[in-house]
Amino acid sequence: MIEIRNITKTFGRQEVLKGIDLTVEKGEVVVILGPSGSGKTTLLRCLNFLEKPDDGTVNISGEQVNCKRPTKQEIHSLRKKTAMVFQHYNLFKHKTVLENVMEGLIIVRKLDRVEARVKSIEVLEKVGLGDKLDMYPSQLSGGQQQRVGIARALALEPEVILFDEPTSALDPELVGEVLSVIRKIAAEGITMIVVTHEMGFARDVSNHVVFMDGGVIVEEGKPNEIFRSPKEERTKQFLKRITPELTYDI
Amino acid sequence: MTLLITAVSLIGGFIIAVPAALVRINRVPVLSQIASAYVTVIRGTPMLMHLFLIYYGLPILIDSVSRKLNLGFTSVSIPIVYFVFVAFSLTAGAYMTEVIRAGIQAVDRGQVEAAYSVGMTPVQTFKRIVLPQALAVSLLNLSSEVIGMLHGTTLAFTVSITEINGRANIVASTNWKFFEAYIAAALMFWGLTVLIERVTARIEKKINTFNRGGVA
Ligand SMILES: Nc1ncnc2c1ncn2[C@@H]1O[C@H](COP(=O)(O)OP(=O)(O)OP(=O)(O)O)[C@@H](O)[C@H]1O
Ligand SMILES: [Mg+2]
Chain F
783 MIEIRNITKT FGRQEVLKGI DLTVEKGEVV VILGPSGSGK TTLLRCLNFL
833 EKPDDGTVNI SGEQVNCKRP TKQEIHSLRK KTAMVFQHYN LFKHKTVLEN
883 VMEGLIIVRK LDRVEARVKS IEVLEKVGLG DKLDMYPSQL SGGQQQRVGI
933 ARALALEPEV ILFDEPTSAL DPELVGEVLS VIRKIAAEGI TMIVVTHEMG
983 FARDVSNHVV FMDGGVIVEE GKPNEIFRSP KEERTKQFLK RITPELTYDI
Chain B
698 MTLLITAVSL IGGFIIAVPA ALVRINRVPV LSQIASAYVT VIRGTPMLMH
748 LFLIYYGLPI LIDSVSRKLN LGFTSVSIPI VYFVFVAFSL TAGAYMTEVI
798 RAGIQAVDRG QVEAAYSVGM TPVQTFKRIV LPQALAVSLL NLSSEVIGML
848 HGTTLAFTVS ITEINGRANI VASTNWKFFE AYIAAALMFW GLTVLIERVT
898 ARIEKKINTF NRGGVA
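Line by line, the protein sequences give chains F and B. Numbered as in the numbering used here, the first sequence ends at 1032 without a single skipped number. Numbered as in the numbering used here, the second sequence ends at 913 without a single skipped number.
It should be emphasised that the hints constitute simulated quantities derived from the structure, not laboratory data. Computed from a predicted model, the values in this text were never measured in an experiment. All C-beta atoms, glycine included, are put in the ideal place defined by N, C-alpha and C. Check each hint, because a few of them may be wrong.
Subject to a maximum C-alpha distance of 30 Å in a straight line, what follows is the list of computed BS3-like cross-link-like pairs (lysine-lysine) [to be verified]: (1) K877(F) - K902(B); (2) K877(F) - K850(F); (3) K800(F) - K966(F); (4) K903(B) - K901(F); (5) K892(F) - K903(B); (6) K902(B) - K824(B); (7) K892(F) - K854(F); (8) K765(B) - K877(F); (9) K863(F) - K877(F); (10) K834(F) - K854(F); (11) K914(F) - K966(F); (12) K877(F) - K824(B); (13) K850(F) - K800(F); (14) K901(F) - K824(B); (15) K1018(F) - K1004(F); (16) K863(F) - K966(F); (17) K850(F) - K863(F); (18) K908(F) - K808(F); (19) K800(F) - K1004(F); (20) K834(F) - K808(F); (21) K824(B) - K914(F); (22) K877(F) - K892(F); (23) K800(F) - K862(F); (24) K908(F) - K892(F); (25) K903(B) - K914(F); (26) K824(B) - K834(F); (27) K824(B) - K863(F); (28) K908(F) - K877(F); (29) K862(F) - K824(B); (30) K854(F) - K800(F); (31) K808(F) - K863(F); (32) K862(F) - K966(F); (33) K854(F) - K903(B); (34) K892(F) - K824(B); (35) K966(F) - K808(F); (36) K902(B) - K914(F).
Derived CB-CB ranges, DEER-like [to be verified]: (37) T818(B) - S843(F): 16 to 24 Å; (38) E785(F) - I722(B): 31 to 39 Å; (39) A803(B) - P954(F): 26 to 34 Å; (40) I731(B) - K800(F): 37 to 45 Å.
Excised from the complex, chain B in its bound form (with noise of 0.2 Å):
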C-alpha cells in the first residue's frame, strides 16, 4: 500500500509538475500566476494539511456538485485511498515542479537551438532533448522527493484508521504489538529508502560519464 501510494503520487506529482513548471518558466499569464500560487501554498503548509484538506473538503465539494447536477452520486462510493492520491499528488507535484523547473533551466539555450536548427519541433525538442537533461540535473532532488513521499505515506494511515476505528482515539489502542508493528515497518522503511539511494547514486555514476567537465 505504500508502496502504491508513493508511486501514483509521484505519477500524479509528475504530471502536475512539468506542465507547472513549463508554465512559470514561459510565464503564461495567469497560468503562471496560478502555478506560482499553488506552489507557495502548498510548499509552505504541511502535508497532513493537504490530506486533511482533501479528505475532507472535497467530498463536499463532490457532493454539492453532484446534487446540482442531479447525478445521483455520492462521494461516500469513492474509495478513501482515491482521495489519499489526490492530496499526495498535490503535495509531490508542487516540490517537483520547483525541482523540475531549476531543471530545465539549467538545460542551455544552445542546445534547444540546435535542436530547432535541425527541424525537430517545440514539443520534439523538449521531450527528446530538454527534459532527459532536466531530470539528470534534478536526480538528488527527485530522490529526496521519493524518499521524502515514501515516509510521507505513513499519514494516509491517519484518515483510514480514523475511518476504519470510527474516529476511535489511535493512542488508546496503542500497545506492545502496535510497538513491535511499528519498529518492523519503520525498517521496511529504512530499507527502500537505501534501495532508492542506491538506485539514484547508479543512474548519477552514468549520468557522469556525458556531464564529465561539463557544467550542467
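Looking at chain F on its own, in the form it has when it is part of the complex (with noise of 0.2 Å):
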C-alpha cells in the first residue's frame, strides 16, 4: 500500500504542490488527470524522490519516509521499490534491448547475468519484443522504445509502476500498441500510477481517477463518479475540454 500525506513541493516561488493526500491500494490502477501544468509529473517524481518535495511524508509497503529530511538510503530503498515509464523513454542508448531490461537486474536486483537474462527475456516476450533482443534503442520505433521502457520497470517488479504520459510522445498509430500492453500489466495485478490523457484507458483500466489543477487534488473517486458524475465545476470544465463526445452525460 501507499500512503502520501501532505507532500509540497515550490519551484523558486512557485507553489507546485500544495499538500496532496493520496492512497494507493495494492494492485490498484491509479489515473492522474489534470490541466498541463497542475504539477502531476512533480507528484509522480516526488514519489521516487527524483524530485525532492519539500515536505510530507511517503510511505511505500510500510517504509516511511520524512521528506523534510530524508536519508540517502530511504531515498534509495523507495527507488528500489519503485519503478517509473518516462514520457520520452528514457532508455540506455548504449545498451541493447536486452542489456536495458538486465541492468537493472544486476545491479540493484544482484541476481547473476544467467537468471536476470531469463528473466529480461521473459518479460520483453510479454510485451512483444522477443525478436528485438539485440537491437538498439535508436533502431526501434517509439512504441517499441516505450515497451522495453515497460519491460525495464516491470522486470524489477516493484511494488508500484508510476507512468507519466508514457504515450503521448508517440504517433497516434502507435498509441494502441503500447496502451494494450499496459492494460495486459494492470490485469496482472501490478499496482500502478499512471498520468495520462487517454480518457478512453482512464475509463476501462483504472480503478480510481484522481483530478490535479493548480497544486491540489480538486477531485477524486470511481471512473463512473468522475467521468459521469464529476461534482467539482472544475473537473466538469476539464472532462468538457478533453472529451466533447462525454458531455452529454454530465
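Given two chains presented individually in distinct reference frames, assemble the corresponding complex, making use of the accompanying hints.
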C-alpha cells in the first residue's frame, strides 16, 4: 500500500504541490488527470525522489519516509520499491534492448547474469519484443522503445510502477500497442499510478481517478463517478474540454 | 619509451580529467575554480613549458619538503622519466578535462533519471550509463589527444638529452646519422598515428550502430 501525506513542493516562488494526500491500495490502477502545469509530473517524481518534496511523508509498503530530511538509504530504498516509465522512454542508448532490461536486475537486484537474462527475455516477450533483444533503442520505433521502457520497469517487480504520460510522445498509430501492453499488466494486478490524457484508457482500466489542478487534488473517486457525474466545477470544465463526446452525460 | 610515456600520461591525464570534469559540471565550490584555473593555465601554455616547470621546479619543491621533514631524501634519486610522466599527465589531464566534460554534458539527463528510478546509485549511474556514452561522444577528440601526446613525447628528449650530454648543445651533435634517425623516428610516429586513427574508426563504427538516428 502507498500512502502520501501532505506533500508540498515549491520551485522558486511557485508552489507546485500544495499539500497532496493520496492512498493507493495494492493492485490498484490510479489515473491522475489534470491540465498542463497542474503538478502531475512533479507529484510522480516526488514519489521516487527524482524531485525532493519540501515536506510531507511518503510510505510505500510500510517504509515511511519523512520528506523534509530523507536519508540517502531511505531514498535508495524507495527507488528500489518503485519503477518509472517516462514520457520520452529514457532508454540507455548504448545498451541493447535486452541489456536495458537486465541492467537493473544485475546492478540493483543483484541477480546473476543467467537469471537476469532469463527474467528479461520473459518480460520482453510479454511486451511483444522477444524478437528485438539485440537491437539498440535507436533502431526501434517509439512504440517499441516505450515497450522496452515498460519491460525495464516490470522486470524489477516493484511495489508500484509510475507512468508519466507514457503515450503522449508517440505517433497516434503507435499509441494503441503501448496502451494494450499497459492494460495487460494492469490486469495482472500490478499496482500503477498513471498520468495520462487517454480518457478511454482511464475509464476502462483504472480503479481510481484523481483530478488535479493548481497543485491540489480537486476531486477523486471511481472512474464512473468522475466521468459521469463530477461534483466540482473545475473537473466538469476539464472533462468538457478534453472529451467533448462525453459531455452529454454531465 | 615513447609508447610508455604516451600511455602513462594518458592514463594519468584520465585520472585527473574525470574528477576535474565532474567538479566543474557540478560546480563544486572552490574545487571547481581550481579545476577551471588548471585547465585554462595548462591549455594556455605550451607543453614544453610544463615539462621544464616540472623538471626544474618539482625537485626544488621535493627537496625543500624533504629537508623540512628530515626525510633524508633528495630528488636526484628520482629517475627523470617520472618528471616527464607528471608533466605530461598534467598536460593531458587539462585537455581531456574539457573533452570529457563536453562528453558528459552530451548524455541526456533523462537517462540519468531512468537509472536512478531503476534504483542505481549515482556512482553506478556514472560508471555504467554516463561515462561510457561520454567517452563515445568524446572519441574523436580523445583520439586526437592520444596522437598529440604521442608526438608530444618527443619533447621528453629535451630534458633527457640535456641530462645525458651534460647540457651539451644538441644542435652541435647533429650529423647525418642523427638525421637518419630522425627520419626513422618520423616514419614510426606516422605509422603509430595511422594505427590510432584506424582503431578510432573501428570503434566509431560500432558506436554508430547505437547512435543511428540519435542526436548523441
Ligand atoms: N525543475 C523545475 N524547475 C522549475 N519549475 C518547474 C520544474 N518542474 C516543473 N516546474 C513547474 O511546475 C509546474 C508543474 O509542472 P508539472 O510538470 O508537474 O505539470 P504537469 O501537470 O505534469 O503538466 P503537463 O501536463 O504539461 O505535463 C509547472 O508550472 C512547471 O513549469
Ligand atoms: Mg507532466
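(request) For the range 26 to 34 Å, tell me whether the beta carbons of A803(B) and P954(F) fit it or not. (result) With Cβ atoms ~31 Å apart, the hint holds.
(message) Between the alpha carbons of K800(F) and K966(F), is the straight-line distance 30 Å or under?
(response) Violated. K800(F) to K966(F) sits at ~34 Å, over the 30 Å cutoff.
(message) So if I understand the rule, the pair passes when the alpha-carbon distance is 30 Å or less; does K877(F) with K824(B) pass?
(response) It holds: about 14 Å lies between the C-alpha atoms, which stays within 30 Å.
(message) For K903(B) and K901(F), compute the direct alpha-carbon distance and say whether it is at most 30 Å.
(response) 27 Å, holds
(message) Need the status of pair K824(B), K914(F): alpha-carbon distance at most 30 Å?
(response) 26 Å, holds
(request) Kindly confirm whether 16 to 24 Å is satisfied by the beta carbon distance between T818(B) and S843(F). (result) Holds - the Cβ-Cβ distance for T818(B) and S843(F), about 21 Å, lies within 16 to 24 Å.
(message) Hint check: K901(F) vs K824(B), CA-CA at most 30 Å. Holds or violated?
(response) Holds - the C-alpha atoms of K824(B) and K901(F) are around 24 Å apart, at most 30 Å.
(request) Would you mind confirming whether the straight-line C-alpha gap from K824(B) to K863(F) stays at or under 30 Å? (result) OK: K824(B) and K863(F) at ~23 Å, within 30 Å.
(request) With a cut-off of 30 Å on the C-alpha distance, tell me whether K908(F) and K808(F) pass. (result) The hint holds at about 22 Å.
(message) Next pair to validate is K892(F) with K854(F); report whether the Cα-Cα distance is within 30 Å.
(response) 19 Å, holds
(request) Decide if the proposed pair is consistent with the structure: K834(F) and K854(F), CA atoms, cutoff 30 Å inclusive. (result) Distance of about 12 Å is within 30 Å: holds.
(message) Check whether the Cα positions of K808(F) and K863(F) lie no farther apart than 30 Å.
(response) Roughly 13 Å separates the two Cα atoms, so the pair holds.
Violated hints for the displayed structure, listed by number in ascending order: 2, 3, 8 and 33.
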